[in-house]
Each structure stands twice: as C-alpha cells, then as structure tokens.
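Residues 793 to 929 in this note's numbering are what the sequence shown spells out, letter by letter.
Quick caveat, the hints were computed from the structure, so don't treat them as lab data. Beta carbons: idealized from backbone N, C-alpha and C, even for Gly. Some hints here could point you the wrong way.
[Claimed, not checked] Calculated pairs, SDA-like style, for lysine to any residue (alpha carbon to alpha carbon, straight line, at most 25 Å):
(1) Lys922 <-> Asn814
(2) Lys832 <-> Glu918
(3) Lys886 <-> Ser912
[Unchecked claim] Simulated restraints, written as ranges between beta carbons of each label pair:
(4) Lys800 <-> Tyr857: 41 to 49 Å
(5) Asn814 <-> Pro878: 37 to 45 Å
(6) Lys922 <-> Ser901: 35 to 43 Å
(7) Leu852 <-> Asn816: 24 to 32 Å
(8) Glu872 <-> Ser803: 25 to 33 Å
(9) Asp876 <-> Asp911: 14 to 22 Å
(10) Ser901 <-> Asp848: 31 to 39 Å
(11) Lys873 <-> Asp820: 23 to 31 Å
(12) Leu860 <-> Asp911: 19 to 27 Å
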Amino acid sequence: MKAFINNKEISLSDLSYNDGLNFNRFFDSNILSYSLIVTKNTFIKSLEKEYNRIKDEIQLDDLQYNELSDFSEINYCSFEKLLDNPEYLLNIFKDFLRNDFFKMLSENSNSKFVINSIDSVENAKEITIKGRAFIKK
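From just these sequences and the hints, can you work out the full model?
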C-alpha cells in the first residue's frame with residue numbers, strides 16, 4: 793500500500809486512522825488531502841470475508857423486515873462485483889468496511905497524520921481511497 797498527503801508520498805508509519813465517533817468532523821482549518829493506493833488483490837483479501845458476513849446479515853434483515861438496503865440495490869452481489877459499482881462501493885466501504893480496512897495501518901503513536909474522512913473509493917488498475925486528514929497534535 794502507498795500513502796500520500798497532499799499528493800506527496802509518505803511512509804505508512806506516518807499515518808493513523810480515527811475510528812472514533814468524531815470521524816468526518818474537523819475542528820480546525822488544518823485539513824490535508826490523503827490518498828491510499830492498494831492492489832485489488834490486497835483490498836479483496838482484507839475485506840471480502842467481512843463483506844460477505846455483513847451482506848448475509850443485512851440480507852436476512854432486509855427479508856425479515858421487508859426493507860431495502862445498499863446491498864439489496866446491488867442484488868447482494870459478490871465483493872468483486874461490488875468493485876464495479878462505484879456509488880455502492882463508496883457507501884458500503886464507508887458504512888461497513890472502513891474500520892476493518894484501516895486496521896491494516898499500524899497503531900503507531902508516532903504517526904504524523906490522522907485519516908478522518910473517506911470521500912471516494914476508486915477502482916482502476918488499483919484501488920484508490922481518498923479523503924481528508926489532519927495533522928496529529
């Protein structure tokens with residue numbers, strides 16, 4: 793995986809992730825853009841099992857309560873097929889998979905930057921996740 797802050801490559805050890813309730817909230821103006829680039833294979837291996845578990849659980853809920861979800865909208869597709877649905881990939885990643893994915897980042901108390909939003913997940917030759925981060929104080 794490669795990490796970039798304001799389009800400049802950084803070490804993964806300089807990056808951490810906010811898994812708290814204030815994710816996507818910014819309290820000062822020192823906001824930076826980040827992007828992470830990961831191979832499709834690594835992305836799939838790291839999330840497919842959890843995606844299937846969540847998908848199956850939500851499918852049962854959808855049927856039991858006659859509800860619609862992002863999963864039903866894409867016909868409870870495989871994770872690999874999800875990669876070809878940009879809108880649903882972003883929504884499902886943000887809502888259900890982000891914490892599992894960001895566990896790939898080491899818990900480093902010396903990190904300089906904190907990922908605090910997910911604005912896009914793009915599927916091309918590789919998977920690119922973009923959003924906003926802040927400088928760790």
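Now the hints, each set against the structure:
1. Lys922 <-> Asn814: The hint holds at about 18 Å.
2. Lys832 <-> Glu918: holds (5 Å)
3. Lys886 <-> Ser912: holds (9 Å)
4. Lys800 <-> Tyr857: 41 to 49 Å: holds (47 Å)
5. Asn814 <-> Pro878: 37 to 45 Å: violated (27 Å)
6. Lys922 <-> Ser901: 35 to 43 Å: Violated, at about 25 Å.
7. Leu852 <-> Asn816: 24 to 32 Å: holds (29 Å)
8. Glu872 <-> Ser803: 25 to 33 Å: holds (30 Å)
9. Asp876 <-> Asp911: 14 to 22 Å: Check passed, 20 Å falls within 14 to 22 Å.
10. Ser901 <-> Asp848: 31 to 39 Å: holds (37 Å)
11. Lys873 <-> Asp820: 23 to 31 Å: Violated - the Cβ-Cβ distance for Lys873 and Asp820, about 40 Å, lies outside 23 to 31 Å.
12. Leu860 <-> Asp911: 19 to 27 Å: The hint (19 to 27 Å, Cβ to Cβ) holds, given that Leu860 and Asp911 are roughly 25 Å apart.
When held up to the earlier numbered hints, the structure conflicts with 5, 6, 11 and fits the remainder.
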